[in-house]
Amino acid sequence: MFEYAPAPESRAIVSFKPSYGLFIDGKFTKPHDTYQTISPATEEVLAEITTASVKDVDLAVKAARNAFEKTWSKLSGAERGKYLYRIARIIQERARELAVAESLNNGKPIKESRDSDIPMVSAWFFYYAGWADKLDHAGLGANPQPLGVAAQVIPWNFPLMMLAWKIAPALAAGNTVVLKPAETTPLTALLFAEICQQAGLPDGVVNIITGFGETGAALIGHPDVNKVAFTGSTEVGRKIAKQIAGTDKKVTLELGGKAANIVFEDAALDQAVEGIVNGIFFNQGHVCCAGSRLLVQESIHDELIKKLKRRMETIRMGDPLDKNTDIGAINSKEQLDRITSLVKQGAKEGGEVWAPNCPIPKNGFWYAPTIITGVAATSTVAREEIFGPVLSVITFRTPGEAVAKANNTPYGLSAGIWSEKGSLILKVADQLNAGVIWANTFNQFDPASPFGGFKESGYGREGGRHGLMAYLKEGN
Amino acid sequence: MRLDVKKTYKLFIGGKFPRSESGRVYELKSHRGEFLANVSKASRKDARDAVVAARAAQPGWAGATAYNRGQILYRIAEMLEGRREQFVSEIKEQTGVSEKVANLEVDNAIDSWVWHAGWSDKIDSVAGSMNPVSGPFFNISSNQPTGVVAAFAPKQSALVGLVNTIAPAIVSGNAIVVVTSEALPLCAITLTEVLATSDLPGGVVNVLTGNEEEISPWLASHQDVNAIDLEGTTDFVDLEIKAAETLKRVIRRGSHQRLLAKGNLQHILAFMEVKTVWHPKGH
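These protein sequences, in sequence, are chains A and B.
The opening position of the first sequence corresponds to residue 1 in the numbering used here, with each subsequent residue numbered one higher.
The opening position of the second sequence corresponds to residue 1 in the numbering used here, with each subsequent residue numbered one higher.
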């Protein structure tokens, strides 16, 4: 194997303020009760971030309500759309800066933030900009109405992309928002607040508040919130569903997953190997729809695993800003500990753990790409979401057995099918209880394509016309 | 004078008509206060049995063609029309409304079955989509039934409210366990006789008479129920909290009207899941 010279992206393009307040009613507040946000690759402190109090939450919701009543709901759809187009353009203009900021704060490789996350962010705004003056075609009859103030809480795995998935459809439909980014990855959301200022977005239409779980709970529980949108763990999703019980709040929940990636014996194996690698090691496996359970037909198990291991030997882990890097840093110490303990449990329950011999940097949080073979369907690593670069391998003999094993989970977010036989793919796709099915591909996303889960992976869809409907109600 | 033969009013589970396993009944009186019937009072165990029957029946029902499901729903309308005199008389006995009002309710119930029947093979034409993604992919979103639905029919309606609770759930291929209005159960029981003679596979609709407040907590917390319709419930906040434990889809009270001759597509879609399938285009 050739040695690679380092090819780091310059971080000079991004400068963070030493400390950030909250973005409420078009202005940044004075920082208070700050905590440090770091780069998980080096543990370097990037900035001081404000922990929003219950009072701050109330101010943000009031600003959003005021903007909803006085400005945003009074604008025509066409004018709202033009603001979203402006935002999409500014994101394209500042794409490199945003990509570096994302990789610094999240730990993901620059080639992913640069080629996947940030382009998706501008695409999302561009797509929903075009919906703003076409709401009569959303599927709710003529003259559908916005819901009001949306409370949006997002995770740390795709910080700015999750922001775009939440804010773009909400604003297109005529709602105003208060969004809380994850505590470990607030920086691109705060840069986005500056972008709203540059776009001249009316004050209070977008409010960004930072903080921990209590801040999120206060936001979701605020009595003047009409819509709740959450992406994160199933555990927190359950709490939210309980918290809003009995209210009129409309809710979408995008929660955990334990996707089966099913490889049939007639699959194009080299393509399948690439799909398996992309499915589980993309974004360090910090993906709710990651293909974390490899279901492989028994007849090709040995050959596929041999090819997969050979491919894994070539994966490069290290500096997220290096353009050669395939796998970056685990987002936090807490997440690293969780992955480590789940893999230990998998080994204890009889799984055979293997990882390529790749060097691990001294500072920061790292976990080598790992596969666990010989996993039983009842094993912890086959049932629990690991949310890291760890693949559990399970075998099957017949398509019926593959479907039964794939569906044997409380989750139902995504699944993969690898076969060269069209009729088999279509039948299996019909039978899988999952909201997104990738056949002979994996981890594809697009603003025009609805995304979301069955069962305990949550409810509601983001993306496409379906994602727009989640922010509207029928008109009178 | 000939003595008429009275009917025993039973539950409807898995296509059969069992009594409550608890052996319990409750006394139903007419609007004038006269004895009408001893109605089965379903227990927790009956509710669980009904969920098992619904789960067993659901894949077959979802796997039937949409055309076939539509024909069966239309057949239900036909059977209901044929027995309309009995429904009219039961509505009058229970509620004391006029012949005209009772007839209107039966009309609406029949027409609602017809309205829903026609949707079975049109849902995806209207609510599905071929998505124009930015890449060489075939990408299609369709709707599929969520699975097993637990529902509580509106308390104030003898027939049409029940029909507008069952039809939106089953038209797409879900199976349902429905708890009837405790005060107005007769039409529900007669409706099960209609369902049983309409080629509807056993277990697709399961009907429990009894006390809603007693049965609802068990259905709301049941692990094998995918969606819950809280329309005819009393402790709706507590039930929504219980349902959240397994992230059931919740249809809150008042979300959809239930008294008219037609429903709402959004009500049907509330029991469905959007599934998006991707495949590369190439050689």
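If you are wondering where the hints come from, they were derived from the structure by calculation, not from laboratory data.
Incorrect hints may appear among the rest.
Said to hold, decoys possible - DSS-like mimics (lysine-lysine), calculated; alpha carbons at most 25 angstroms apart, straight line:
no., chain 1, residue 1, chain 2, residue 2
1, B, Lys122, A, Lys134
2, A, Lys27, A, Lys250
3, B, Lys281, A, Lys473
4, A, Lys242, A, Lys405
5, A, Lys27, A, Lys17
6, A, Lys427, B, Lys16
7, A, Lys421, A, Lys307
8, B, Lys262, B, Lys281
9, B, Lys262, A, Lys473
10, A, Lys421, B, Lys281
11, A, Lys74, A, Lys306
12, A, Lys427, B, Lys281
Bear in mind the structure is a predicted one, so any value in this text is a computation, not a measurement.
A quick look at each hint next to the structure:
no.	hint	result
1	B:Lys122 to A:Lys134	holds (23 angstroms)
2	A:Lys27 to A:Lys250	violated (28 angstroms)
3	B:Lys281 to A:Lys473	violated (36 angstroms)
4	A:Lys242 to A:Lys405	violated (30 angstroms)
5	A:Lys27 to A:Lys17	holds (15 angstroms)
6	A:Lys427 to B:Lys16	violated (32 angstroms)
7	A:Lys421 to A:Lys307	holds (22 angstroms)
8	B:Lys262 to B:Lys281	violated (41 angstroms)
9	B:Lys262 to A:Lys473	holds (19 angstroms)
10	A:Lys421 to B:Lys281	holds (14 angstroms)
11	A:Lys74 to A:Lys306	violated (61 angstroms)
12	A:Lys427 to B:Lys281	holds (19 angstroms)
Violated hints for the displayed structure, listed by number in ascending order: 2, 3, 4, 6, 8 and 11.
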